[in-house]
Structure formats: structure tokens, C-alpha cells
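S.K.: Next come the chains, spelled out residue by residue.
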Amino acid sequence: MSDAASPPEAKSSPEPRSGSQAKPALTRRAFFKGAGVVAAGGVIGEAVSAANARAYGPATLEGTVEVELDINGAKQKVTLEPRTTLLNALRNHCNPPLTGTKLVCDRGSCGACTVHLDGRPVYSCMTLAVDTVGHKVKTIEGLSPRGELTVLQQKFCEHDGSQCGFCTPGFVMAITACLERNPAASLDEIQNACSGNLCRCGTQPQIFEAALAAGRALQAKGGK
Amino acid sequence: MALEPLRTQDEKPPRPAAPGKKWIRVTKAVNGIDTEVWEEVSDDTGGPQWGPREQMRLVSRAVPRVDGPDKVTGRAMYSSDMRLPGMVFARVLRSRVPCGTVQLELEAAKAIPGVLAVIALNNGNVDWLGRPIAAVAATTPEIAEDGLRAIVAQYEEQPFAVTPEQAAAENAPKVGSRGNVRTLSKNTDSSEVDDALAKAAKRVQGTWKIPVQHHACLESHGVVVDYRGGDEATVYASTQGTFTIPGDAAGALGLKPNQVTAVVEHMGGGFGSKFQLGIEGDAACRLAKLLARPVHLMLDRATEFHAAGNRSGGEHTLEAGLDEKGQIVAIKGRVTRLGGVGQGSGHPIPYIYGRDAKVFVEDRCIHTHTDSSRAMRGPGHPQASFSMEGLMDECAYASGLDLLEIRRINLPDSRRELYMRQLERCAALIGWDKHAFKNAPDLSKSELKVGIGFAIARWGGGGNGQCKVEVRVAQDGSVEVLSGTQDLGTGTRTYCASIVAEELGLELNQVRPRIGRSTFGSANASGGSTTAPSLSPSVKHAAHNARLALFEKVAPLLGVKPDELEVGLGEIHVAAKPSQKVAWKDACATLGPAGLSAQGEWQAHLASSDVGGAQAAKVQVDTRTGEIKVLEMVAVQNCGLLLNRMSVKSQLQGGMVQALSYGLFEERVIDPDLGLFLNANFEDYKIAGVREIPRMTVEFEDDPRGVIGMAEAAVIPGHSAIANAIRNACGVRIFDMPLTADKVLVGLEALRKKG
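Chains as they are written, first to last, in our numbering: chain A, 16 to 239; chain B, 97 to 851.
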């Protein structure tokens, strides 16, 4: 199993505060309660299952909450819905938007959205933003805040570890975490670390070369 | 320019080239149309030359791509990364049924706070599974999805045909108006081939089945439309064709094409599926028009699978008649291609081999109530390769011939030398000489068995004259190269800079490439491996013209004529006396404040066409579990002048990985009863991951020709070589991809029963 597949431990997620916005005339829940009526026999209503789930299932959280996220070493207050993933929080709610982290599958099967949570790689599409309160998030933008490249990033460039490049931030984050744990990681360990990452261009051979070269360079420099 | 376009099932041009002209083979790669034609073009050998390769500093060398640092830091801006003031997020609703009518009630969705607009996308008729029928724009993507759930869609479902079996059945529900099964080939007389087959010494046959593959681009299809009212808009598109966007978008926005700018800074994969604005782009433009706000609409992953194209699957029934020496004297085939509501790419059977045989092929397409197939990297060729290379190995085993020998006998004369040289090099790289099973599969009882398979590819890869390039030299010595073209990850940006830097005697980082904007010079869409052979000669021409214009300015300073000058590294000097020189900065200081602008157009003599490649695979089969493990893949490829050895190698290896993935894993699965796409996600539609990558070796042949596109050739043979290696390893011929363990076990059991 890849580390990247592990969800963060949600120890200290806050109680989301409901209804920080003015009460709208028609809430989503009120709508869904009503929508069940529309679904007459024989008619397939897209809304039906959702309506039933909302009407009779567990209580849903509504409205937005203001939370303070710790991203790339800086605290940032964002206002978002509790259901907002960390991925969407980074891309759509942070200021400036952190779009280096990519949305590809939105369900934890491709690794393109990998970020570090307290130093461990996680899928940000499978992590709620509110669950990261009190934890440190590091994104691809946080690896080289002043524009200089890390050793791994340099090796990615030298070994042509990107083609279209859309998977690249995810691979870089997954392998960075691996090399931080063990700069002497073997090819097998590197593959294990990014076994949750997909690349459609077929750049994997160059990514392996880059990762191994970075490992060697890091060892020569004595770890970091 | 084009004279008598012909399908290049023909090996040779229709007639000798006229004086001052030459023939090139060009792929026409408009979406869904992937015909190769011969074109007679000017062969003016004056003007710029690539020059001796051994003297090149940047072109033909391994150069790290110039946008690498942007890609590894997340700074590279893809269309889906655009964030604009007031921007809203849009999503589309897919039809639940493959065929029928739908009535939409949108009011409840519109009433949701945060939902800003809800629109229907068609007139209520649905004729393919997953067709987008409505779109919602909202302040966040989450609320847009609430909006989709709140749309009440009432369907009148009609009987559907989502599989070829359903579509071809008697009284099948009609797909479109052309008939579900259409014969596209005209010749109906097979008597000559039937006679030749009857007289053949041996006959070999099989029916190969090819699943529908998906492009699976990591960045989904979509656009960000920046329209805030008024008479101008910018469309940030994830596209393979910058210039395919403005016209379509203008229509949807109610603007003129020249009021719309398309921007493609970076794009996250296309592979043939991203031309034109598409349903999703059209929806985004309509929403933007309605709201007068920027709209972000990228397809979600499930919709990407349903509605953004696929590689046509199909079925090939082939029979070959052989003489005593193993030469194929007749091929009879029935090729069925699946195109969904479209026609599907042509599968060129017979593929490369057997051109001297008598051939009869019935070419059919079957329509289903599914998304139209689109061009996909090497359209039609990987499919044709799969059955044809399988047939070749079956012919070898039936004749007791070596797998290379059967190919030597059946390659057309015009290509025998090329492919045998490449095949023999692949054989040497993969250890064929030590392999024991050259003319018969390993039928021993050992548990872990290793086999080797071969396959070859061809592609046109010629260029065309659509590219206009500008090189700007500023008074301070800085240089820009501008073209509207797009970089799909092939390294376009990098070779634009390196060609100019080479021509002007500069370092790579002294030239800034600016691409991906429709206000820059026109460029062709990236399809059919035509970008490099079209663009690079135009870049060279512009750089050449910039150099000559600069020489005009500098010559008086040195008291010589312009044609006495040449560039050195960072300087311009007198060719006969290099110490008489002007540094680059000083030379540029002679320019006025406006600097210098030079234009470039396509130079036919700097490009060429027609690439060939061979690949081999070594595969281990575990006969206890059926597990297939690809141990090694090797490739030998020609492609004229390599613009950048590093990125071309990446592309070739990438093609091999995609072919491995096609062979071993990929298959769209649609439930025929429910009409549901069962694996429209990356858990169930598997593509090769890091654990599946074999040892890979690639070599490029020294090829004196000009620039040729090779990316398609890379993806054509790999899966065929793997299928052949499985057969070689354990005797099991798997006729239908994906090549999976269960099929190995079924095959082994059948062999055991046969004794």
C-alpha cells in the first residue's frame, strides 16, 4: 500500500459552525425534501436518490464556516463549506489560488492531488479542508517558495520527468516524502511511494531515473 | 498545393515528382478523419538549411525542456488552473439513458442559493449514452453539483443498442439514420482471393477482437471562458488546436471570430481527443454570455469517460493463404470498426505486410448508442497491428519459420531493408539469439515461461504549410520566438527556442518562446504527428531571416558585406576573419527601439515524411496463475532530424507505455441490459501504473532526412509484440485485448485438452 492512500487522521477537526451566512429563502435541504414528490412512478428522476438520502439520511451540514488553514508555513483564513475538499480549498478558496495541485479523478485513484499533511503524503481530494485545521499542509508551491528548485525538482528537469506535466506535481510530492524519509530509497521503494500516481504520457521511466538521481544527490549532501 | 489526394494504402506516390517538387505523405488529422494522403510539394532547397548535425549545439542534442521548472514547481498554468475575478464554476449533467427523449425541469436548480444559471444543452433528444443535456453555473463547484442533482430529468427511454452485438442483431433499435451496420468498402468480388486461398499450401486464420480504449487525458476536456460583456472574449482551452477554438467560441458567444482570443499555455494531454470547442466548451460560452462573467467548465472524470472520445474498437477476421516458402499469397478479411454514433478510424488491413498478396477486405462499421470515437494517437494503426502481427506469427508457426524470417519474406520490397534492419537490432537488444523458441512456441511443462514477440509500425508524419512564425530581436539583445501553436507535452516550446538559439549563436535561455495564443502566427492543430515537421521549418526560416536582417545592420560596423558574416557563440563575426567581430549585445544595439521582427513560413525541404519503427517485448507467463509480466520492451525508430533527443526519447517510451497499457489493461465496459458505463473512473478503467513499467531500451537510427513526426509510430506496435510474446512463451494466442491472466488460463486448458 502506498502511503499516499492513507487519509489524514482527523483528530482535531473543529465542529463546523452552521449558518454563518444569512438564511436563504430555499435551503438545499428544504428543496430535496420537496423533490421526492416530483418523482412519480415510472419516471426516472435524477434528484430522487439524492433527495431521499438528504431527507431521511444523516443530518447534512449547511452553510459555510471560517477556518484557519496552515498552508506552506503561513496561516490563512478561508470561508468554505464543510464538505469542501482540501484540494478545492487550495485551488478555489486560497488567496492566491494554489493551482499547482491538480484535480484529475477527484476520488483518490490517480495521485495528481497529492500534498503533504504534517509531512505525510495524502490525497487532497480525499481530505476535507476542515479536517486539516491544526495540521500543517504543504503543497507543490511550498517546496520551492522562493523559486529555487529542490534536488528532486532539478533531477525531474534533467531527466525529462514531465511530458504534459499534469501528473508532475503529484509525483514530485509523493517522491519528495519518500526521499525525506529515506534518501537511500531503492527503486522498489520509490515505485511503492508513487504507486498511487498515474501518468498517461508514459513518463514513468524518466521519473524513476530522476528519483534515483535525486536520492544519490541527497545522500552525497548528507540527507537533505 | 494538394494534388490528387490519395489514400496511402499505396506504398508509392502516384507518379514521379515534377521538377522542383517532391512527394510527402501527410496525415490529415481533423477530428475523426485520419486519412493519409500523398501531397506534391515544392522542393526548393535554397534558403535555410539544418546544416551538418555534428556541428549542432542544441538541435539534435538532448536538451532539458525549457518549461520543466514551471512543471515541477506547479507554476505551469493549465487552462483548468485559470482563476479570474468573478469567475463561476460550471458542471454538465449527463443523460442517464442511451436513447430517448428527456424533459428537464430546471427551476428547482435555479432556486438554489449560489446557482447562477442553468441551461438545457439540446432539444431533448438523446442518442448516445452520457450525452451532456444540461449545464449549471454556480459560485463553487460543489454548489454547481447541487444544481445538477436538483435538475429533474424525466426520460422517455427508448430501446437502445450499446454493444456491437445489440446493434447488429435483427430488429435492433436504430442508431441514427444510416443503418447500424454499414459496409464502407466498395469491392464485393472476392472470387480471385477465394481462388488463391483454395490453391494455397497452407491457410491460417483467426478473429481478433479489439476493445474500445479511452484517451484518459489527465486534464479533462474543458475551457475557461473570460467574457464579461462587451465585444471581446478570451478562451483558455485544453486543446490540441489553438486555432480550432475562436471560430466555434465566437458562434456561441455571439461575437466575431477575431473578437475571441484562444490561449493554451499548457495542456494536460490530448492524444487525439481535443480538437474544436466541443459540447462542454459551447456550454461554457453560452453560460458566460448569459452571465457576462468568466466561466470555468472542465468535465468531471466520469463525463470525461462518457463524452470525450475513445479509440474505435473492432473485430478483424483474417485468413491468409501461404505458399510452401511461407509467402502470403492471399489475404481475405472482414474488418469491423466501432465508432459509436461516429464512423470510427479506418483500420488499415493488411498492415504493412502482404502487399504483394491478393487482398480482399470487407470494411464495415457498426454504430452504437455511445459517444463517437475520435482520433487517438496513431488512429487505426494499433488496431490493425494487433491482428496483422498476430497473423504473421501464426503464419510463422504454421510454416515452421523463424519469427523474423516470416517477416522478411512478407515485407514489401520497398520496406524490407528498413524493417529487417530495425527488427534485427531489436532482436539483438532483447536477446533473441539466446532464445530457444524462434519458430515454435514453448509448449514445455515449466511453470514460469518467457517469450519474445515482435511488431512494426509506420506513419506518415509529414508537415504542411500552415505555420507562420515570428522572431523578434530587441535592442537590448533579448530574443523571442512567437507562434500560436500549442505544446502537448511533446517539447514544442523547447525546440522553438533551441532552433532560434542555434541559428543566432545564443544560449537556449536567451530565447524566450511564446506560444499558445491565437493572436500569434497561425499554426496547425497537433494531430497526426504533424506539428514538428510543420512548425520547426517555419521557426528555422524566421530565425534565418532574423539573422540575415541583423547582418544587414552589422555589416557596416565591420566594414564588410552582409554575406561575409556568420554567427559565433554570442557574437557576429567575419567568416574569413573571426577575430573581426561584434558581440551580440552590441550588434543588437544597432537596432532601433522597435527592434527587429522577422517572419518565417514552412520550408518543405527542411521536413520529410514516412517513419518506420520496430519493437520487441519479452514477457514472462506464470502458467499456474496466468499472470503476465512484461519484463522488457525495446524499440528502434527512425524519424529524420531529431529536434531534441531527450524529449523524442520520452515520447517514444511514452508510446510504448501506452501500448502496454492498451494491451494489458484497457477496456470500456458497458452493461448491455442496463445501458450503463460500468468503469468510467480510474479504479475500474485501469491504465498502466508505475508497477507495470518494464525495462525499456530505445534507439534512434541515424537518419539524414529533415524533421518528421514520430509520436504516433511509437504507440502502434507494443501491445502486438506483447501478445505475440505471450503466444511464444506458452502457446496461448489471446485474440482479444486486454491480454489478461484468465484468458491465459483458459487458453492453457484448451491446449491441454488438445494434447
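Keep in mind that a hint or two might mislead.
Covered stretches of chain A, going by a simulated chain B footprint (3 or more residues, C-beta under 8 Å) [as the list claims (entries may be wrong)]:
#, region
1, 80-94
2, 99-108
3, 136-142
4, 171-179
5, 214-226
To be clear about the criterion: a stretch of chain A counts as covered by chain B if any three or more of its residues have a C-beta under 8 Å from a C-beta of chain B, and this derived list gives those stretches [as the list claims (entries may be wrong)]:
#, region
6, 146-152
7, 229-235
To be clear, the hints were calculated from the coordinates, so they are not data collected in a lab. Glycine residues also receive a C-beta, built at the ideal position from the N, C-alpha and C atoms.
S.K.: So, for every hint listed, does it hold in this structure?
M.R.: Hints and how they fare:
Counting residues of the region 80-94 of chain A whose C-beta sits closer than 8 Å to any C-beta of chain B gives 0, which falls short of three, so the coverage hint is violated. Only when three residues or more bring their CB closer than 8 Å to a CB of chain B does the claim for the region 99-108 of chain A stand; here the count is 4, and the claim holds. Only residues whose C-beta sits within less than 8 Å of a C-beta in chain B count toward coverage, and the region 136-142 of chain A has 0 of them, not enough to reach three; the restraint is violated. For the region 171-179 of chain A, the stated coverage by chain B holds: 8 residues have a C-beta nearer than 8 Å to a C-beta of that chain, and at least 3 were required.
Given as covered by chain B, the region 214-226 of chain A passes the check, having 10 residues with a CB less than 8 Å from a CB of that chain where 3 are the minimum. Under a criterion of three residues with beta carbons nearer than 8 Å to beta carbons of chain B, the stated coverage of the region 146-152 of chain A fails, only 0 such residues being counted. For the region 229-235 of chain A, the stated coverage by chain B is violated: 0 residues have a C-beta nearer than 8 Å to a C-beta of that chain, whereas at least 3 were required.
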